[in-house]
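*Asks:* The primary structure of each chain is shown beneath.
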Amino acid sequence: MIGLAHYLVLSALLFAIGLIGIMTRRNVLMILLCIEIMFNAANLAFVAFAKAWGNLDGQVVVFFIITVAAAEVTVGLAIAILLARQLKTLNVDEVSFLKW
Amino acid sequence: MTIPLPWLSVELFACAWILVLLAADLLLPEARKASLWLWTLAGLGICAILLAGQAIAGGHHLIQQMFLVDPFSRFFKALFLGTAAVVVVMTRPFGRHLAGRLGAFYLLLFTAVLGMLVLASVHDLLMLFLGLELLTFSLYIMAAYLRTEARSIEAGMKYLILGSLSSGFLVYGMALLYGFAGSTHFEAIRHAFEVGPVPPIAVAGLLLVMAGLGFKIAAVPFHLWVPDVYEGAPTPVVALLSVGSKTAGVVALTRLLFGAAPTMAGLWTNVLAGLSAATMLYGNLGAIPQTNIKRLLGYSSIGHAGYLLMGLSAGSQSGVEAVSFYLVAYFVSNLAVFLAVTWAGEQLGSDELEQYNGLSKRSPFLAAALFIGFLSLAGVPPLAGFVGKLFVMLRAVESGRLWLVAIGAVNVAISLYYYLMVIKRMYLDAPPTSTTFRLDRLATVTLSLLLLGVLWLGIVQEPLVRQILVSVRP
Amino acid sequence: MVISPSALGWTILLSPLAAACGIQLFGVHRRRLSATLAIGALLVSFASTLLWYTFSSIVTWAVPNPFQLPFEASLSWISLPGLTISFGVLIDQLSLLMALVVTGVGSAIFIYSTAYMADDDAYSRYFGVLSLFAFSMLTIVLATNWIQLFMGWELVGFSSYLLIGHWYAKPSAAEAGKKAFMVNRVADFGFMLGILALWAVLPVDRTFHFQTLEKQLPLLIQTGVVSVAVLPLIGLLLFCGPIGKSAQFPLHVWLPDAMEGPTPVSALIHAATMVAAGVYMLCRTFWLFEIVPSVLTTITWVGAATAFLAACLALVEFDLKRILAYSTLSQLGYMVMALGLGGAVAGMYHLTTHAFFKALLFLAAGSVIHGTHEQDIRKLGGLWHSMRWTSLAFLVGGLALCGFPGLSGFFSKDEILVLAYGHNAPAFWLALVTAGMTAFYTARAWFIAFTGKAHGHGHESPPAMLIPLGVLAFLSIIAGYIGIPHFLGQHGEHHAAWLVPGLSIAVVAVGLLLAWLIYSRGTVSAQQLVQALALPYSFLQRRYYIDEIYMWYVETVQQRWIAGACAWVERVIIIGFLVNGTARLTRRAGHILRLWQTGRVQTYVLGFLLGIVSLLTLALRR
Amino acid sequence: MSCLPLLILLAPALGAIAIAAVGSTRHALVRRISVLATGLSLIGALWAVATYDAPTGGYQHEVLVPWIRSLGIGFHLGVDGISVVLVLLHALCAFTGVLISYAIKDRVKEYYLFYLLLITGVFGVFLSLDLFFFYFFYEMAVIPMYPLIGIWGSDVKEHGVVRFSKEYATMKLTIYLTLGAAVALIGLLWLYVSSGAGTFDIPRLQQHFVTSPLGMPLQRAIFPLLFIGFGIIAPMWPLHSWSPIGHAAAPSAVSMLHAGVLMKLGSYAIIRIALSLLPEGAQMWLPWVAAICVMNIIYGGFVAMAQKDLKLTIGYSSSSHMGYVLLGIACLTPLALDGAVLLMFAHGLMTALAFALVGHVYDQTHTRYLPDLGGLAHQLPFIATCGVIAAMASSGLPGFANFVAELLVFLGGWDRYPAAIVCGVFGVVITAVYMLRLVRGTFFGPRKPVFTHVQDTRTLFARLPYVILVSALLFVGCWPQPLLRLIDASSRPLVERIRPSVALAKPTPERTLRRLPPPRPHPAPSGRQGHP
Amino acid sequence: MAENICFFAFAGLTLLAACTVVFARQPLYSVLSLLVVMFSLAALFVMLGAYLVAALQVLLYAGAVLVLFLFVMMLLNLEPEALARMRLFTLRGAGLVVGLAIALLLIAIVRRGGLAGTWQAAEGTVESLGTVLLRYYVLPFELTSFLILAAIIGAVSLAKIKHH
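Residue numbers (my numbering), protein chains in the order written: chain W, 324 to 423; chain E, 5 to 478; chain A, 5 to 626; chain B, 62 to 593; chain H, 3 to 166.
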């Protein structure tokens, strides 16, 4: 029987994969994609918990999270465009003027 | 289900005014847009009036289980409005960099204010998330707002990536807490914690949410964005980040911890104490070798986050009072410093500390303002920062964490060291050129008021303390 | 007008102080005023002392004489529960005699100074300090308690410092003043400890007061309240004071150097009065030393050694003033020895006569220096012809010093020799030899400087200098006949033994004869004698190397090694390592911590994640 | 309620505000305001000394305004016999310091602003009877030192090579003192919290501790925090190294206040807070303190001996002499404590005098390096006279207040720590060594041609500060009783509370052997017949 | 049983696709893999009774967000090599380790369980969800609009090209 734990483990794995992506990718766009994975992992947990509790609050929250994530992507892409335009790169390693 | 709109009047007006600003930005001819700062100020003013009205009416009002209008929130809302007003004043000299995009800037400033206003009243995880995101989005954009400057873009990028990461953890933590309590309302979560048992999942959820807020507050190790973003972002934005956003983070954290997990105090006070120690040490030690004033202020703001956490780690009502005082003191002192730095940056053409050499001869008022502001930040009487630090440490002693107080005390000396290094440049070193400059009248008045506040709070604390007592009392 | 005893007593003490203040306030640029104030005040003081003496000797029948000895008047200086220190005048035979010497000889020397210092730029300062000295000395003399005595003690040291260094432009003078002060300070270290320890031996009702202590101490010792065991230590510590002030061996080194000061100063301070303060102090507190025989023995031997060793030094000295200085040392040694032998009266007696003739000698020497601007006896000669009066005065003084029969020195020295003969035979023989040497070196100075061929042409000094010489010469002659021991309370018991005076006269005669043979007749060549005794001669010339040893201690051991080591510790360990090291460590920590801030966003993410890992671990472990 | 402390405290504060409002080129006005402000304080201080009622004792001239009620913080000013003497000391040093500062020509307005702030802070410490304000003013007094030394100070040079730059000196001083203050703050807060009295008010805390004393472990733990924290400014070996260098780099008027008064804040704080609030803790730790004091005295003396910079020498001598003060405190007998407080007063005046005249020498010759100096008594007779006086006062010559004070410390401490007292007496010898060397090297010796341009203080006005300081030293030295009465009125109850056994040592009046006349206002020649 | 199969199938697909997102060298592949993730997650949502959420997932994420991504990627026109080169140097290695650690920790925490619950889904239909949303979550709902407004205005003001 598939239970809450299954979904949560899946969510945790997904979340971790997102994290690993953030750590290992150098392209800003890829990092943004990985962040989306993380949000999705959280969404999955929310929905699973919603089922566990038998209420809709979790699903409502997911609705908001999706919206916020979309907005986040918008902003992220805008900044990525600026990077590409001004610095001619999307590689985060190359964007490290500010340090120490 | 009716919503008592009068208790939302401030936020509603802010929403309305955002639209007004949007319309104004779209409709006003380019030449007239310079006056948008006045519109913004006016909006903030009206918000303040509405807030005052609420304050006169008084009382606690929990709206839809997620939005708590109480004296505590009003107190900080006032602080946020004040912060935003000063930031508006700061954007005056800075505005010429933003030709054509000033309207959007003020609009974003207002959305950030809206986010902070919401954060002051949060009583629900979702609300917390949204308020935080609203604030943070505005700041992402504003940080990158100088779109021709690589530093600004880099700051925006780093802030965005790390901010999103922290949002991810926040959301995940929220999910875990929701899973634990079955609801995102603080009341429900508190109830669940009270009833127990408390599984690791709940603890993890709480800690992850704290981490998400720790990012806003700039607590070690979630602080790493701070120096870079402070250095790269436009100075007024940095001021907003350092005062507004940090305060909002602290307020939200207080709301969360005291509203949703008071029974878990044994856990989170220890976590906060540990974070506090690390944060103080990192911020103040890291500030020592800095050569850029904004970066230095970034590190210093990390240090201050440590003191704020120290106050919260007392886990008591009185600790929150101390933190509230500290925040007000930090508000006046840090904004005074940032206002001065904005002006100095405009006039000196750089934020490098070298440029500050001999500033006291080039602009005595500015130097004096920085002098007073820095000393207040360092915690020297008779200035506001001193009283804040004293209160915070007192509460930490009360909670029995002498080691933490000891670290805090050592950090007072360390922070004084790097502040004095800047003061040394301004007062002891020879200026590169002898040209002098002045502030415009608005900035002078604002700065003077802030400095007066710094002094006033340093000497006459009773009115504010009373106000805080009234506000914090549950 | 009714003269109250206390008012008169206070006048003795305070009038020089008033003069000193007056000179400092008003007389800095007024030479005549300064001199007048100083001399006037001291004369007032002298007159008051004389009056006191006179009144105290009047016998009245009807009412008790208010001028009854001993008399004490005091003011409370510090009065706290458990501590009372007063400041006052204690007038008894001892202090009256000493005050008479100080003010009397002092007045003569003050008057002498008006002429001697006539050309000096710092005339006012000179008289100001001189008045301060008179006040300080009288403070010692009239002290009612240890603390007052100590205050005077230090103040005379200070005035001596100023007066030795009067010509501060001369490095040697400046150094000499410093040296005098320092040596005395070292001695006073012990002295102060002695005072403290003495104060503390009393279990309750502690006091510094002489008369109280004198009464109480024997009682307390009898009852066993005060342990006898500690008293020798206290006595020795207290004796440190006289060792310094009265320039006893081995702290005598400052006195010869002190001759850098103006000659009247040498006469007053470094011959007649201040250096005698140590002896005076021993007399004043003799009730204490009486109790501890072991200390008395020490005192005897210190005195005898000083007398002998200083006399040896005088044999080879060529500086006229230094010869006198060594002779002063030697005579002080006699006095101290007398005290050690239990003869307080003899000591005081010799002190008094010595004050007269030694002041006379110094003033005569001063007159020579004033007339010839030379003080090396080898460059002098035949002064008898050019400075007849001065020479006469020197002759009288010299003979008194030698102990020539009939002159004052003879009587007082004889008392001491008799005492030694009776109590301590080795000390007696040492003292006797010293007496012979005294005669020898005095005669040596006389023959070389005053007789023979004239080197330059001196001129006789003005009357202002000669009159004091005359007065002092007169006193040196008659002081043996005016019954000083009697006044001090020694009655009858004249020694039947003619042996001691006889021996003494013989020894003096031998000394004089030898000097005449060597330096006047030239029968024995001084040169040959020196060559024959080359080793001891050079040893004496280098003053037993004591100065060198002290110099080595001060310059090398203290300054270079100890102070240097402390400074090194301060500079390298405390400042360099501990303080700056901590600062460096802090800065280094800052540099290391900010290495996290690589600028690469993923490092920041990593930091964030590490934080999360620790938080989650915490959650899991709960 | 008395307005006297307010006058003393607010005169310099208002002066500072007035100066801030004055145009930066109006030097004469700025100076006049400063003289007026410190002069008012001086009058107030004198008045306070004159009107303090010693037989009554306790805190007098109190001002109490509740400040932060919820924490039990009150703006509580007042003086007792100890602090009133120190207020007078500070008033004297401040007033003379302002006069000495006439030599400052650069950035006059800022200088006096900071200077008056410093003065205000120190007055505040001496007048505060509330822990919060005590600490408040304490910290406030430290900070103005930074610009004062940094801007108007001078480097410490040796053979013309900078050994300590003024930036280093001032930073070290500020950081050191702040660190010390922070350590003390922990102690204070801990004390406040663990007292349970909910008040920062010192008298109330004292009363509270009478009825419910603090537990021994707490006292034992808190005392070192307070002692080290405040001891740093005292300055206590081995945490003293900020002080000589700070002295040396500071402009002379600042050195005057710094060495004269600021260092006394530490020992005062130890008396006022550590001793009076933590009696048992004090009892336990003070033997160790005595040992440290010996290090202060002897080590400081020897280091001073090795210095060649005039100000460094005096600086180290100060740290050596403060050892006597701490020793007097450590002995914990009424006499020794009286001596310690009087020594604070005496040393303050003496060292202010010394720094003032070294400042003059430096202004004129532009060097403080001993081998470069010499023979200045020819050009500077007045200064040289003061120099000799200062040296003698420092080495404890009778007639100066220092002698009385040291004597009292020795007398009071002899029964407690005889070994330490022996070292203390030896320290006096060491002092004489370097002080005489200093005087000899600076003022005596042949006239040097390089110093022909050197000028003495000419006008009476320029000499006024020296005259005031010397007269005060002499006055107290010759007639210490009035001040001692005040000090004793407060120190004796303090000691008796800490060590009740001492009270037994008080002699009964019947058994005193000689009856003494009551203290008289003037040492007029009068007395009483002794035993016939 | 079918539920089990479905779950494991979609879960596996999700993880696989997610890994592809992370490790794919071509950005395009990453985006497309993410699309797969979204779709399989939507399927899981459906399994959990969250129908509306599943729909939004497809519409919003797949339909809007990812298209936006693709669009920007095309717009910026960057060469694939420069886009993604995965190299396992220290930082990345550390990231991998820490990521795995977090995964393990989360799993461990989750498996401790201790959660109450019925495991009885409340059907997340448009109607039910809409009711809840507009009745109880109207404040966040309104707030979200301003969030989007801020994002849009911000994105525009950042990315728009200057006229002059």
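One should not assume that every hint holds.
Quick list of the computed label-pair ranges, beta carbon to beta carbon [stated by the list, open to error]: (1) TYR485(A) x PRO442(B): 43 to 53 Å; (2) LEU223(A) x GLY257(B): 32 to 42 Å; (3) PHE73(H) x GLN471(E): 29 to 39 Å; (4) VAL140(H) x ARG470(E): 32 to 42 Å; (5) LYS365(E) x ALA82(B): 45 to 55 Å; (6) HIS377(A) x LYS509(B): 41 to 51 Å; (7) MET277(B) x GLU358(E): 14 to 24 Å; (8) LYS365(E) x ARG588(A): 23 to 33 Å; (9) ARG34(A) x THR437(E): 40 to 50 Å; (10) GLY44(A) x ASP517(B): 25 to 35 Å; (11) ARG442(E) x ARG588(A): 48 to 58 Å; (12) ASP517(B) x LYS365(E): 54 to 64 Å; (13) GLY44(A) x THR513(B): 37 to 47 Å.
Derived lysine-lysine pairs resembling DSS-like cross-links, with alpha carbons at most 30 Å apart [what the hints assert, rightly or not]: (14) LYS428(E) x LYS509(B); (15) LYS428(E) x LYS369(B); (16) LYS218(B) x LYS170(B); (17) LYS509(B) x LYS166(B); (18) LYS509(B) x LYS174(A).
Think of the hints as simulated: they come from the structure by calculation, not from any bench. This one's a predicted model, so the numbers in the text were calculated from it and none came from an experiment. C-beta: ideal position from N, C-alpha, C; glycine also.
*Asks:* Against this structure, judge whether each hint is valid.
*Replies:* Each hint tested on the structure:
About 48 Å separates the C-beta atoms of TYR485(A) and PRO442(B), a value consistent with the hinted range of 43 to 53 Å. As the Cβ distance of LEU223(A) to GLY257(B) is approximately 55 Å, the hint placing it in 32 to 42 Å is violated. Checked against the hint of 29 to 39 Å, the C-beta distance between PHE73(H) and GLN471(E) comes to roughly 52 Å, which is inconsistent with it. The hinted window of 32 to 42 Å between VAL140(H) and ARG470(E) holds, with their beta carbons roughly 36 Å apart.
Checked against the given bound of 45 to 55 Å, the beta carbons of LYS365(E) and ALA82(B), roughly 20 Å apart, lie outside it. For the hinted restraint 41 to 51 Å between HIS377(A) and LYS509(B), the CB-CB distance of approximately 26 Å leaves it violated. Between MET277(B) and GLU358(E), the C-beta spacing of about 55 Å breaks the proposed range 14 to 24 Å. Checking the proposed 23 to 33 Å range against LYS365(E) and ARG588(A) shows it holds: the Cβ atoms sit about 31 Å from each other.
About 60 Å separates the C-beta atoms of ARG34(A) and THR437(E), a value inconsistent with the hinted range of 40 to 50 Å. For the pair GLY44(A) and ASP517(B), the beta carbons lie near 30 Å from each other, so the given range of 25 to 35 Å is met. Between ARG442(E) and ARG588(A) the beta carbons are some 41 Å apart, a value that contradicts the proposed interval 48 to 58 Å. Checked against the given bound of 54 to 64 Å, the beta carbons of ASP517(B) and LYS365(E), roughly 34 Å apart, lie outside it.
Between GLY44(A) and THR513(B) the CB atoms are about 39 Å apart, so this pair conforms to the stated range of 37 to 47 Å. For the given pair, LYS428(E) sits about 38 Å from LYS509(B) by alpha-carbon distance, which is inconsistent with the 30 Å threshold. Among the hinted pairs, LYS428(E) with LYS369(B) is consistent with the structure: their alpha-carbon atoms are about 28 Å apart, no more than 30 Å. Simply put, LYS218(B) and LYS170(B) have alpha-carbon atoms about 28 Å apart, close enough for the 30 Å limit, and the pair holds.
Taking the CA atoms of LYS509(B) and LYS166(B), the gap is near 27 Å; set against the 30 Å cutoff, the hint holds. Only pairs whose Cα atoms come within 30 Å are accepted, and LYS509(B) paired with LYS174(A) is accepted, the gap being roughly 12 Å.
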